[in-house]
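Those sequence lines, one after another, are chains Y and L.
Numbering-wise, the numbering used here comes out as the position in the first sequence, counting from 1, plus 160.
Numbering-wise, the numbering used here comes out as the position in the second sequence, counting from 1, plus 1295.
Honestly, the hints are just simulated from the structure, not real lab data.
Heads up, some of the hints might be wrong.
Unchecked claim - Covered stretches of chain Y, going by a simulated chain L footprint (3 or more residues, C-beta under 8 Å):
id, segment
1, 201-214
2, 710-716
What the hints assert, rightly or not - Chain L side only, calculated, beta carbon under 8 Å to chain Y, not exhaustive:
id, residue
3, ARG1460
4, GLN1505
5, PHE1508
6, VAL1513
7, PRO1523
8, LEU1524
None of the values given here were measured: they were computed from a predicted structure.
Yeah, the Cβ is synthetic: ideal placement off N, Cα and C, and Gly gets one too.
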Amino acid sequence: MIDGLNPALILIVGALLVPLIPQPSRRVYVVLLPLVSMLQLILHPSGTFGEISFFNMTLQTFRLDGLSFVFGLIFHIAAVLGVIYAIHDDDPIHPTAGLLYAGAAIGAALAGDLVTLFVYWELTAVSSVFLIWARRTESAFKAGMRYLIVQVGSGVVLLAGVIILFSETGSVAFNEMNLDSIGGKLIFLAFGIKCAFPFLHNWLQDAYPEATASGTVLLSAFTTKLAVYALARGYAGTEILIWIGAIMTAFPIFFAVIENDLRRVLAYSLNNQLGFMVVAIGIGTPLALNGAAAHAFCHILYKALLFMSMGAVLLRAGTCKGSELGGLYKSMPFTTVCCIIGAASISAFPLFSGFVSKSMIVSAVAYEHLTLIWLMLIFASAGVFHHSGIKIPYFAFFAHDSGIRCEEAPLSMRVAMGITAALCIGIGVFPGALYAIMPYPVDYVPYTVAHVITQLQLLMYSALAFTVMMLWKIYPPELKSTNLDTDWFYRAAAPAIIKPISAQVARLTISTQQLIAGTATIGLAAFHHLLGPQAKLSRAVDSNAMVALVTLTLSIFLLLYLVLS
Amino acid sequence: MISTQLPAIVLLLTLLSAPICSMIRNGDHAWKLAMFAVWLSVAAAFALMSQVWGGTTLSYHMGGWPPPWGIEVRVDELSALVLILITLFGALVISALRESLRTVMRSHRHSLYYATFLLCMAALIGITITGDAFNVFVFLEISSLSTYALIARGRDRRALVAAFRYLIMGTIGATFILIAIGFMYMVTGTLNMADLAQRLPEHADNKVIQASFAFFTVGIALKVAVFPLHYWLPNAYTYAPKATTAFLAATATKVALYVMIRFIFDVYGVEFSFSQMRLDMLLIPLSIAGILLGSMTAIFQSDVKRLLAWSSVAQLGYMVLGVALLNTSGLTSAVTHMFNHAMMKAGLFLALAAMIYRVGSSNLRDLAGIGRTMPLTTAAFVILGAGLVGVPLTAGFISKWYLVSAALDKGWLPLAALLIISSLMALAYIAKIVDAAYFQPVPDQHQNVRDVPVSILTPVWVFALLTIYFGIDTRMTAGVAERVAQALLSVAS
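Whenever a hint applies, use it, and build me the whole structure from the sequences.
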């Protein structure tokens, strides 16, 4: 351990060296790098370090406390798993961008002030887009562009908020904020965009399914959870978050049920899971905040596991469409098992990781007697089980046999999935280890008879509903279709209205430009003539003129001074 | 012991090594001596800065004669900052000079060139640290004369013409300053600057002092190249030998600006200069005109050297505007920009000199595609150019930020908007170069061009990295400038 060295810097500098290292050793290097940096994080004592002064502001580039440690740690774990998963791939873009992205996310989580947060915030945007572009398809490129615009836009909103906040309070410290001032509102909005709040969420479902198989695994881990961390740090206990979160848990379920692309289904369920964390942050009690941190921790793991299994399917079967898959359990038994473990975790089966973290949040809601919210969360839990717990494994690996016969996933993918699955089960069976690193002391017991029974009832009835609907054939069939989300308004409707207007504006602009250009040409000619950059005026006249000018200036100055004084 | 003699040492190092250099026949040996002298001066300048850090003033009596009879050397934070500017940037240019001169002149002439260079530097150092008004004139003349020699060394015939014109203008400027000093001496009977400052207020209504102020402002405006007295600058910069321009652009006008601040604030006093003579009424419109005209003209240039020279006219406008706004932010911006602009412009001209070293021309046509043939040099150029535009995290951003805040402090929104527009103009002319360097095909005759030797590349990159460094750590630039600004303005109230 080196005292005061920010682990994020290890990752960022190390990531930039990745392309320079030749292939066989690169494989070892990309796994070792996040491990080294994780070691630095774990061994480092708490406190604030790396203070630099910038414009009369004191920046704390490295703050290690309970909350930032949890997120720093899970980001490291996700980075290690993400690079292991992609090790079979020779494309250097993936580990470079992935580790850079991880480093940026960790740097943001360890930032003690808003300026440092902004810098890393933008770096996550810029580095992660390469994971989407690495797919090298036209649609991936376009989706990446849209993603980049939204992400960088969120950073710009953040910066505007920080500047306003700084001018009001004179401080850029990243601590609790409120929604009273316009600066606080803007920062909240910036966090909200990254956290995929309702109506700000479309970038997520748009971009994540377009990324490479291994890219989505990394994408799912960092960006949104960074926003969760930022909200937990800045806006814990802000009441509106409870409602935002509750809506987030509920509405993606409908989209997830009818969506055909299984990775997009996962993207919707990612949104739904974020809702649980946002609700917890809105409640803001120590138990709820612990729940949010623990759920983020578990969620990164099982969501990565699910995306890994779907990535493996995409790699081997060549598609992730529910309508084209089915019966893969014969070809990919290991992947099937891992997918089921991930599905069980996200559905919060007892003895799997989702259970120990989600029940904290649900209990926290119950302790505050928020009945309506509690019901919404229960509904959402049933929905999660339905679309992520049953639909994903069922349509990919079972259902009707699609006739696809392919190889099992490559070794690197299997190793990554195996470790992740082991972690999911490990946390579910021994929650004490997870609770020990929570920001607040935990005296919560997940395995009570009431919890387990309630949860099992919920899951069983949800499963029953699915079975009945399948048997009666009233379940929404898996069709090749494009489902309209709210982004239709700005991706289809708005352009249809704006295009004719903008064409007129463009015509006007062009003629204005011509006018300006014409004027400028005349002006330019005048300039050349007046100032003579390529002077044709003779030297003698020039010098004389200059001396005359000096004399003139002097007389004007003299006159003015003598008159004025 | 040495530390108390530092103010003398920093001057004598270069002043004494100049004649020795001229006597060494071997150009390489002369270069080594020059390097030794200037880098020692850099160390001395930094040592002086550490001595005055926080706002103390050193007063050194030449030959032990106490002022106001003897010659006094005064060093405060402002002069220490200017000292660092002269010595550090001069030293970086000299480091690149040996390789750069090789293609321009025969080696036996090199030692004379180094001697002139050192003399110029010594004179600039002298101006900065002396506490005696007449000495300012003497050193100003030395620096001007050596500068004419440096410019006239250019291979281009037009260099002679440019040097001649610069000579005429420079001499007029220096003469005006001499007249101003003479008038002051006539009325007060003293030449010591601190002494003058004490005695002048009682003569504030004296027409002779007012005339002296007019002569001084016009003379120094000529030296600073304030619009409309800037016409000598573009040609002088364009036709001077390549690396020389880097040194001139960094130091000559900045030192003149230093003299301007010194005299206006310390000798004549804020009360006299601004409340009575309303200098700001003259300087603000003139500097704004300079900013706009310089930036506009720069956009239309096809020769990069000339483009950068015109951009200097605009950038000097920023500094004069900062002075004339007469508030802490404005003065802070002026002093900070003096340092930052010296650094960026020296770096840009040096990078350009490196390109000319390979391509043989600074025309945009010949620099097409240079980003591919000389990637390292061009990358540094782009960083420095970004600094000139005022991109955040570069030094240029800091000084522009203070200038915009100064305009806002005054409540002059249109001026703030105008400054942003002029930054966009800077973006336009830098983008023009970037476009040529990266997006145009390499001309056939320049296909074999490659990056310059390390001895030129290193100083260029030092400039580029310093630009980023001073964009982040502003203790030495804006920190000092702010203290200086407060001190200069508090004398008035």
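(request) Closer than 8 Å between Cβ atoms is the bar; does GLN1505(L) clear it against chain Y? Give me holds or violated. (result) Result: holds, 5 Å to nearest chain Y Cβ.
(message) Please check whether ARG1460(L) passes as an interface residue: C-beta within 8 Å of a C-beta belonging to chain Y.
(response) Since chain Y brings a Cβ to about 6 Å from ARG1460(L), closer than 8 Å, the hint holds.
(message) Next item in the hint list is PRO1523(L). Is there a CB on chain Y closer than 8 Å to its CB?
(response) holds, 6 Å
(message) Count the residues of the segment 201-214 of chain Y whose Cβ falls closer than 8 Å to any Cβ of chain L, and tell me whether that reaches three.
(response) Satisfied; 3 residues make the cut.
(request) Given that the segment 710-716 of chain Y was listed as covered by chain L, double-check it with a C-beta distance under 8 Å for 3 or more residues. (result) Held - the segment 710-716 of chain Y has 3 residues with a Cβ nearer than 8 Å to chain L, which meets the minimum of three.
(request) Identify whether the interface hint at VAL1513(L) stands, where standing means a beta carbon of chain Y within less than 8 Å of its own. (result) Where the cut-off is 8 Å and the nearest Cβ of chain Y is about 5 Å from VAL1513(L), the hint holds.
(request) So, LEU1524(L) near chain Y? Judge it on the closest CB pair being under 8 Å. (result) holds, 6 Å
(request) Let me know if the C-beta of PHE1508(L) comes in closer than 8 Å to any C-beta of chain Y, holds or violated. (result) holds, 6 Å
Every hint, counting from the list given before, is met by this structure.
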